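Residue numbers (the working numbering), protein chains in the order written: chain A, 1 to 261; chain B, 262 to 899; chain C, 900 to 1128.
These aren't lab readings, by the way, just hints derived from the structure by calculation. Since the model is a prediction, treat every value here as computed from it, not as a measurement. Treat each hint with caution, since some may be false.
As the list claims (entries may be wrong) - Quick list of in silico lysine-lysine cross-link-like pairs, DSS-like style, CA-CA up to 30 Å:
#, chain 1, residue 1, chain 2, residue 2
1, A, Lys-125, B, Lys-294
2, A, Lys-14, C, Lys-996
3, B, Lys-756, A, Lys-26
4, B, Lys-798, A, Lys-50
5, B, Lys-818, A, Lys-21
6, A, Lys-50, B, Lys-443
7, A, Lys-150, B, Lys-631
8, A, Lys-95, B, Lys-565
9, A, Lys-245, C, Lys-1095
10, B, Lys-758, A, Lys-125
11, B, Lys-445, A, Lys-14
12, B, Lys-474, A, Lys-50
13, A, Lys-21, B, Lys-474
14, C, Lys-1091, A, Lys-150
15, A, Lys-125, B, Lys-445
16, A, Lys-21, C, Lys-996
17, C, Lys-996, A, Lys-26
18, B, Lys-756, A, Lys-21
19, B, Lys-474, A, Lys-125
20, B, Lys-751, A, Lys-14
21, B, Lys-801, A, Lys-14
22, B, Lys-513, B, Lys-560
23, B, Lys-758, A, Lys-14
Claimed, not checked - Below, a sample of chain B positions facing chain A; criterion: calculated Cβ distance under 10 Å:
#, residue
24, Ala-308
25, Glu-315
26, Ala-332
27, Ile-335
28, Tyr-347
29, Gly-351
30, His-355
31, Arg-356
32, Phe-395
33, Gly-400
34, Phe-417
35, Gly-502
36, Met-642
37, Gly-648
38, Gln-814
39, Gly-855
Each residue gets a CB set at the ideal place from its N, CA and C atoms; glycine is no exception.
If you want the building blocks of each chain, they are given just below.
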Amino acid sequence: MSTMNLTVHVWRQKDARSPGKMVPYKVSGVSEHASFLEMLDVLNEQLIDKGEEPIAFDHDCREGICGMCSLMIDGRPHGGQAGTTTCQLHMRKFKNGDEIYVEPWRAAAFPVLRDLCVDRTAFEKVQQAGGFVTANVGSAPDANSVPIAKEAADRAFEAAACIGCGACVAACPNGSAMLYVAAKLTHLHMLPQGQPERLHRAQAMVNAMDAAGFGNCSNHYECEAACPKDISRDTIALMNRDFTKGTFAHRPRDTKGDGAG
Amino acid sequence: MNLDARIPAGPIAEKWSRSKFEMKLVNPANKRKHTVIVVGSGLAGGAAAATLAELGYNVACFCFQDSPRRAHSIAAQGGINAAKNYQNDGDSIHRLFYDTVKGGDFRAREANVHRLAEVSVDIIDQCTAMGVPFAREYGGTLANRSFGGAQVSRTFYARGQTGQQLLLGVYAGLSRQIAAGKVKMFNRTEMLDLVVEDGRAVGIVVRDLVTGKIESHSAHAVVMATGGYGNVFYLSTNAKGCNVTSTYRAYKRGAGFGNPCFTQIHPTCIPVSGDYQSKLTLMSESLRNDGRVWVPKNKADIGKRPDQIPDEDRDYYLERKYPSFGNLSPRDIASRAAKEQCDDGRGVGPGGRGVYLDFRDAIKRDTEDKVREKYGNLFDMYERITGENPYKVPMRIYPAVHYTMGGLWVDYNLQSTIPGLFVLGEANFSDHGANRLGASALMQGLADGYFIIPYTLGNYLAGVNAAQLADPKGAAFKDAETDVKGQIDKLLAIKGKRSVDSFHRELGTLMWEYCGMARNKEGLTAALSKIPELREKFWKDLTVLGGAETLNQSLEKAGRVADFLEFAELMCRDALVREESCGGHYRTEHQVEGEAKRDDDNFCHAAVWEYKGAGNEPARHIEPLSFENVKLATRSYK
Amino acid sequence: MSWFSSYVRSSIGAKQVMAATGLAMVLFAIVHMLGHLGMFSGQDAYNAYAHFLQTLGGPKWIARGGLLAVFVVHVASAMRLVARNRAARPVAYAVYKPVRSTLMSRTMAMTGLVLLAFIIYHLLHFTLGMVQPEFFHKLDQAGRYDAYSMFVRGFQNVGIFASYLVAILLLSLHLGHGASSWLQSLGLRHPKYSPKLDKLGPAISLILFLGYMAPPTAVLLGLIKLPGA
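Same shape as in the complex, but just chain A:
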């Protein structure tokens, strides 16, 4: 098994208020079978041995699904391997002696908390604005009572594969979150269950996205290239359409009570 020695340039930042900077570190004896995060583990152990504070980075499941890990690696979100999150990126993609640049996601809406950890609460706000079907527990009809074409279910699934990691925002030259929001909208757009609230949802989630301080989409499609779940930019076109339709042809929700009782 071959091991490698690397120079890793890492963004270090004490907390949200402090300024940060790139710091180069040497890391030795990294196995080609290790994942990128395991390489950082090894580096952290070597730092602790030297009495230096380890690098903070977000991670959890380490199998590419929780969406917690982030990292801009050599200028590409998740390191740029197609359909791969940082935790699934393996060191066999690197060579002995490589210099690797590791930075946090950069966006005004994702402030850095410490080192490589960013605050993605903005995504939560977007989700809360309308990323759901209003269906209380207990009210559901039999699951087979509404047939759903396989093609529609498949397209819903492909959009719902979004893991909310934020790579789309990180990759976008404008720091836009449109692919994330569009993926959420497309998921429910494709299903009959999503129809009653479809246009309202598009309005509400887009407005929440705008309020969060993301940049605007100018159709670079860097998001699509960076998405570890290969979500298509077609979802954005669909969102644009629903948003327009919602603007011009949808009456805003009547918030007056119905006076029942």
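Could you slot chains B and C onto chain A? The hints should help.
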């Protein structure tokens, strides 16, 4: 310790509906006066928080990740069981009940399991209504597949992402309640202690993982859905953050811990590749539908390229040993069989710790495209991790720690031995006995959160005066806060030489060796003397750099490992006392021709451990189990 | 109309405003190009066309006003978006490697600004006659303004030719992105047709480049001459 399971009277199929009727209700005007804390935001916790909020309770929900959507339920791949019988292949509530009791090797509570099977059908309806994109047939109806331990197709799935899709449904419902102001969500916040006042659970102490601030929250009831403790082994399929801290702290505050030694080893994981390994990746059990498990018959063939070993020199050992279930044998059995082959020196790959999972025949039968459509994302994941193409070369797999059936003891209403503390999902001990069947964890999490706790918690709250909310500045909270801060200061003050991970790794190796797939008296006794030694080294030689009032991941890990170091002892103790083999608990002294030998005369019970203070041995209590509807029998999958 | 103003201010609204105004200008650019290809039909035909446009009266001013409005909205909206996008990434990456975006898409603001300058220059040149006043508003034999001769004299000047070459090149780059981007912004995508439609931008750009540069190049090469020369 009061271990009254409060199982309702009456025939098994009527217990739940009768109990629902008998339970006290809280009227809508009173619901909004009650506050409930939910710790954890996975399928069980997230569903509970959202559903309780829908009913009108005020909910505070806590998770340590930066979003509830990241809870480890997200990683479940294969599917969720439900007794819909959409396939007309003989499934029913009773059969799911039967399979689960048998699969759990007769160490689960019948009444709970039956209820689980009953509500399973509602879960699929609810998830579909929330927009979960389950796999479908061309005609628009739901698709099913079969899973280990069952002979019917009752597993609903969304490619290899069932957990994520179900959790997104839960997360959507939770988000709706957060927006409505009914759930207050605390992300990046870790529960570090439970607060008990006058014998009732009244709140929790948490640490804000960004600022490091210690805070108290009070409520009329506390619901914990904090997952399992598989990371006591360091290497497991669990997420890195999964830990025992919340349940262990509750145990130290008086909650009984049920069957801690019941851990599940999953047969199909990617083998360890080196000492830097930080976690193990599961390959969905659904792969065993089409993949065939084998090792070379002859040791001489080890090291040969698998395609150069002809069929007659391959030992398809699961098909040979268990002809009727074959590659779909339950997890504990398949895991042990793999270990046996490797112990016999016929394992493949680095260190001889691996067996082949081969898709050659499925590809020949169904074409590569068909196989890709079913398992494409899993195959891609395998290739990313190992650098090998499983369409050409068989996968190499090996068992790994996956799930923990043990957990806090709960009664039929999911209440722990501390009144007001309810425990859901993997964190409790109730439904899977000594072994969990595939696709049943998602089912249990959602059953508990969506359909059970809304009734049973109401029944509890109906007897609680809403006007009396514990004061988070009161003595009980202050004491708990002092304990928590004291431990943090202590960890930071050691200033030794070794990192937290080095201790965790050492504990993991020890546990895997002595309390892993096969256990015996000698090993467990050894472990019970080695764990305290390791713990002592930990408290002497640990180094945690950085401060308390900041984002400090080493400090977070140190607190969790400190608890694992105590909990590991409890696990080994439980395993030592349980002088039988059942499900995932395999004692080498108790076997018949390599098959587990249960001892129903002496161990047909749940073991529940009571904390007796630092330095004292915990007390072991039992809840006897009776099997009136599924006859106690030796499990056979032959 | 509060819903409309919030639509225009929203991210998607702003991008659709860019798309709609951009599309209007692309259509104008095509018509404008077709008009100039009239240079190949000789002085009489070209001047007749110019005369027709100049004597339209009311409709001419409506069209000019409309174009100006579209133009101003496009530019103002672009500036707002650029400011917003800059603010969305306050700290730049030390290393950033775009892979899917094109040179065309990433330089929209720059090419747009240069085009703005060019269009002002172009208006000063041919509409207001301030670049080469000596050739402006001369009459032909039929008593019409001699736009044909002004065109030829203009592009006989290598400096002017070069400035137009650069400008049209930038226009092509700008539209190479813009002329297919509007489809995405307005949500006009379909898996069946989109792969083909994605080529619309580059195709329109190429056509415009060739169409716009053909008459000036012909002038420079002496293929289009002054009458009687």
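Next item on the list: Determine which of the earlier numbered hints do not hold for this structure and return their numbers in increasing order.
Entry: 6, 10, 22, 29, 30, 31 and 39
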